[in-house]
Amino acid sequence: MSDTVIPVHRLTADELSARTRRRYAAERRFRYYGIAALSFAFFFLIVLFASIVSNGWSAFVQSSFAIAVKLDRTVIDPDNTGDPNVIRAADYTKLARQALYERLGVDAESRPERRDANGLLSRGVDTQLREAVLGDPSLIGQTVSFNLLANGDVDALLKGAISRDVPEANRQVNDRQVAWADRMVEEGVLKKRFNTGLFTFGASSQPETAGLLVAIVGSFFMMVVVVLLAVPIGVAAAVYLEEFAPRNRWTDLIEVNINNLAAVPSIVFGLLGLAVFINFFGLPRSASLVGGLVLTLMTLPTIIIAARAAITAVPPSIREGALGVGASKMQAITHHVLPLALPGIMTGTIIGLVQALGETAPLLMIGLVAFVVDVPSTPLDPATALPVQIYMWATSAERGFVERTAGATIVLLGFLFVMNAAAVYLRKRFERRW
Amino acid sequence: MMNDTRMEFQTMEQPMAAEQMRNDTLKMTARDVDVFYGAKQALFGVNLDINNNEVTALIGPSGCGKSTFLRCLNRMNDTIDIARIEGEIKLDDQDIYDRKIDVVELRARVGMVFQKPNPFPKSIYENVAYGPRIHGLARNRTELDDIVVTSLRKASLYEEVKDRLDEPGTGLSGGQQQRLCIARTIAVNPEVILMDEPCSALDPIATARIEELIDELRENFCIVIVTHSMQQAARVSQRTAFFHLGKLVEHGETQEIFTNPRDQRTHDYITGRFG
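Protein sequence lines, in the order shown, are assigned to chains A and B.
Per the working numbering, residue 1 is the first one in the first sequence, and the count goes up by one each step.
Per the working numbering, residue 1001 is the first one in the second sequence, and the count goes up by one each step.
Simulated from the structure, these hints should not be mistaken for lab results.
Yeah, the Cβ is synthetic: ideal placement off N, Cα and C, and Gly gets one too.
Where hints are given, some of them may not hold.
As the list claims (entries may be wrong) - In silico SDA-like pairs for lysine to any residue, Cα to Cα no more than 20 angstroms straight-line:
{"#": "1", "chain 1": "B", "residue 1": "K1122", "chain 2": "A", "residue 2": "L413"}
{"#": "2", "chain 1": "B", "residue 1": "K1122", "chain 2": "A", "residue 2": "N55"}
{"#": "3", "chain 1": "A", "residue 1": "K329", "chain 2": "B", "residue 2": "D1098"}
{"#": "4", "chain 1": "A", "residue 1": "K329", "chain 2": "B", "residue 2": "R1084"}
{"#": "5", "chain 1": "B", "residue 1": "K1122", "chain 2": "A", "residue 2": "S328"}
{"#": "6", "chain 1": "B", "residue 1": "K1122", "chain 2": "A", "residue 2": "E320"}
{"#": "7", "chain 1": "A", "residue 1": "K329", "chain 2": "B", "residue 2": "R1133"}
Claimed, not checked - Only some residues are given here: those of chain A computed to face chain B with a beta carbon under 7 angstroms:
{"#": "8", "residue": "T312"}
{"#": "9", "residue": "A313"}
{"#": "10", "residue": "S317"}
{"#": "11", "residue": "E320"}
{"#": "12", "residue": "G321"}
{"#": "13", "residue": "G324"}
{"#": "14", "residue": "V325"}
{"#": "15", "residue": "A327"}
{"#": "16", "residue": "S328"}
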């Protein structure tokens, strides 16, 4: 045909404007969907945070009695030996109770009254006084003011978790204890104070003496193990795969497997850790070292994938430039590629660490669900981890543990938030243009 | 310029290099060079001599193999896994594909400037100092400073950047970046400089400056340049080689090629029939 005009259908002006309108409407609709999806996600985020914070903020305060305790030498160290073992074995509960009896004006002859008064104090006051005296033996014989921990039930009463409307027979604290507590509050003796115990105590069956220190230290050790192992191994693997490995069936297979490993349910890594590290290598159970090793295995794929992506993103022209002036391949990588890939690698690493910090399932398999009172001093000592501690507290019934579950969640989220902020900061700090 | 403008810093062990620069005009020779990318053959039996103190231009349509050939001259193709090279390329009578040849040393002797200016994301100073530093060409900071300044001068960039040597090289304009890359290349005192379409990303003014620079550098270096622009080849080169479909069709004096080509394909290309 000689006619070169393409036979298109000519639209009328009306048809054209209708089409334009429809196109604009479709674009607008699409934008609204996006905004709706975002608002939806944001709403649930708010709900989540609101519920955690409203449940958990009360875990950061703890009721205690500000009472002067007479550290009677005849009770602590009657023979004046100064022997720490004698001091350690003394009956500190008795001292604390006597101080409270005096403050309340309890009839020392009446057993029921004494029992009710005893019920106001936490069992942890024993440790509280002992630690103080062991720390400074010169206190013996003096009268020292202490914030003696209140019993979990009194704490719950003050926080409104135990209702006064409940008939006395069904209530954890009886009428006399309520009356005492009210009087002490009025006199300013019994008060909610910042709960340092949450960060300084280990596991305990009483909520008021249960803290996160063991879990925090355990998680810290695990993070150290993960950073020391996963980062060098992961980055080295990524550099090898990206820069040195030949492209063949084997490297393809390895690549597929790394990507798959990143998606393997974490509990499987726990089983692997149990079989390999504990059963085969005979490492101790409940040790944060084993936890760290398992989390290393779990984090490795994430780090390798992130590092590879960061290395690939370095423009080839930079490598060529380095090779062009006679740098060896190794020099091109260490002098140019890695420094440029560093922000991406660090971001990926921190995201991997955050993931590892929040991981619970694999740790359950290797015995990190444990009742550990003593703070671990090495990664081989029994320990727990933050998320595992949350899990354990969540299964306890007392009111005090409910708030502590949410409180510990806030602490964990705080750590995650700080680490994410660090990732963002590092990325911004080291980002370079080319 | 005199012969003694050749940079005065230390060179690596290069036996008789200085003599050869003056006496022997033949610098590199390629004999029967075939290049394969996997199963696909990209170059077919290329024979080419490259002379000292001359600019040799490689021209030809896209995909004709001129860049491939250029990258053979400093073994840059080694970085491509599937590339395979047959034949013989000699630098001063030394086979550069010989097993005894260290590729890093070779690339220090045969430097390369790339199509897109690719300064390192470091300071201007560090960009130029990088090569001398990794090759140990300066014994102290004063010598290094000397190399950097001399190289920048030779690349006719010094006057523009002398007050901001600490600023990132990536902050310069495109033409300045390319001159910085040239300074970076000559800082290791190579014998041959390969340029892969060094002006294709630049505007005409920047291009003119680079072309002037190439002409000046010819005094001290052997230069091989790949270019898309026939005018550029005509302006800067003394010898021209025309590639087509992986074959070296014709090579000779630039003037000869452009005024009196022997091959019909060369004639068609330089008159703009294809390309």
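Tell me if A313(A) is really an interface residue toward chain B, meaning its C-beta lies closer than 7 angstroms to one of theirs. violated (13 angstroms)
For the hint on A327(A), does the least C-beta distance to chain B fall short of 7 angstroms? holds (6 angstroms)
Next pair to validate is K1122(B) with N55(A); report whether the Cα-Cα distance is within 20 angstroms. violated (51 angstroms)
Cut-off 7 angstroms, beta-carbon criterion: hint that T312(A) touches chain B: Not OK, violated: T312(A) not within 7 angstroms of chain B, min 15 angstroms.
Against chain B, with CB atoms and a cut of 7 angstroms, does the hint on E320(A) hold up? holds (6 angstroms)
Take the shortest C-beta to C-beta distance between V325(A) and chain B; is it under 7 angstroms? The hint holds - V325(A) has a Cβ within 7 angstroms of chain B, the shortest such distance being about 4 angstroms.
When you check the alpha-carbon spacing of K329(A) and R1133(B), does it fall within 20 angstroms? holds (16 angstroms)
Proposed proximity, R1084(B) with K329(A) (alpha carbon, max 20 angstroms): This hinted pair holds, its Cα atoms lying about 19 angstroms apart.
Holds or violated: are the alpha carbons of K1122(B) and E320(A) at most 20 angstroms from each other? Distance ~16 angstroms between K1122(B) and E320(A) Cα, so the pair holds.
Regarding the pair K329(A) and D1098(B), is the alpha-carbon distance no greater than 20 angstroms? Holds, at roughly 19 angstroms.
Taking only the CA atoms, is the gap from K1122(B) to L413(A) under or equal to 20 angstroms? With a Cα-Cα distance of about 38 angstroms, the restraint between K1122(B) and L413(A) is violated, given a limit of 20 angstroms.
Are the Cα positions of K1122(B) and S328(A) separated by 20 angstroms at most? holds (19 angstroms)
Of the hints listed earlier, those the structure fails to meet are numbers 1, 2, 8 and 9, in rising order.
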